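Colleague: Please work from the sequences and hints to get the whole structure.
Residue 257 in this note's numbering is what sits at position 250 of the sequence shown, and the numbering runs on without skipping anything.
Hints are computed from structural coordinates only; laboratory data are not their basis. Please note: incorrect hints may appear among the correct ones.
[Unchecked claim] Simulated restraints, written as ranges between beta carbons of each label pair:
1) Ala57 - Leu245: 36 to 42 Å
2) Ala244 - Leu205: 18 to 24 Å
3) Gly240 - Pro119: 39 to 45 Å
4) Arg178 - Ile226: 38 to 44 Å
Note that the structure is predicted; figures quoted are calculated from it, not measured. Yeah, the Cβ is synthetic: ideal placement off N, Cα and C, and Gly gets one too.
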Amino acid sequence: MTIAAEMLFWLAAAMYLAGAIHYIRHFARGEGSVFEWNVAERLATFVFHAGFLCVLGLLYRQMPLVSAFNLLSLMAFCLAAVHTLLEIRFRTRETGMFFFGLALLFHLAAYPSLGLRPRPNPLLRNPAFALHAGAALLGYAGFLVSALNGAIYLAQYRMLKRRRMGLFFSRMPALDLLAAMNLHAMTVGFACLTFAILSGLGLSREMGVERYIADPKTIQSVAAWGLYAIALGGRYALGWRGRKQVSMSLAAFGLTLISVLAARFADSFHRFS
8 MTIAAEMLFW
18 LAAAMYLAGA
28 IHYIRHFARG
38 EGSVFEWNVA
48 ERLATFVFHA
58 GFLCVLGLLY
68 RQMPLVSAFN
78 LLSLMAFCLA
88 AVHTLLEIRF
98 RTRETGMFFF
108 GLALLFHLAA
118 YPSLGLRPRP
128 NPLLRNPAFA
138 LHAGAALLGY
148 AGFLVSALNG
158 AIYLAQYRML
168 KRRRMGLFFS
178 RMPALDLLAA
188 MNLHAMTVGF
198 ACLTFAILSG
208 LGLSREMGVE
218 RYIADPKTIQ
228 SVAAWGLYAI
238 ALGGRYALGW
248 RGRKQVSMSL
258 AAFGLTLISV
268 LAARFADSFH
278 RFS
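Modeller: Following this line, the structure appears as structure tokens:
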């Protein structure tokens, strides 16, 4: 079983690397279908990665979410998945090298997870909790994709203002498209985090509602939800668009990242290692 997990780990890593190379070549040459990362290759990437996570779960005898290494691998999968949804929706591949490159780094950093043999945790064997945790990871992956698209937007915007329009500017999507990708990824993240919080509230009956509400990770998730609610509210209720929308999403991501790091130092029942 360990050999199977290691083989699937490296197959997934190889596919992420191949995907990143495809995107880089597409960016450098500005060519279309010749270097397109096709459906079969992308599907193989997700199948190998999902297979690795499933085999790791069989080795652990529970959901593979017992350490920061596991978290990185799961985040790599979610990051690539959210970006792929955006790529299909907007029919643009120019930013793919950033997302598949980052997914590759996250996945490689998860290699030590192969050597872990954690103690059984009843919560990690609960299918409802797996759904709750998966939604939360997709939510934060959506926020990360939104932030990266927002950062590219601001870089493009500054180049345009300074009239420094080189290769990067000519290859990246238009500002309006980047803003739309920023918004859609933020919306996906917000919807997934909303589901995670509500499903967590349902699960809290097993451990006590008060304990769930007072948990630092719950407080941090609700704070992130509130920050993105303000950003999305500004976009839809107040008409914030373009640079203002992107700036608010980046501010929300920065504060969310700080809260996530701070919550890691607090005692929480969400800590499984």
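Colleague: Run the structure past the numbered hints and jot down the numbers of the failing ones, going up.
Modeller: Structure breaks no hint.
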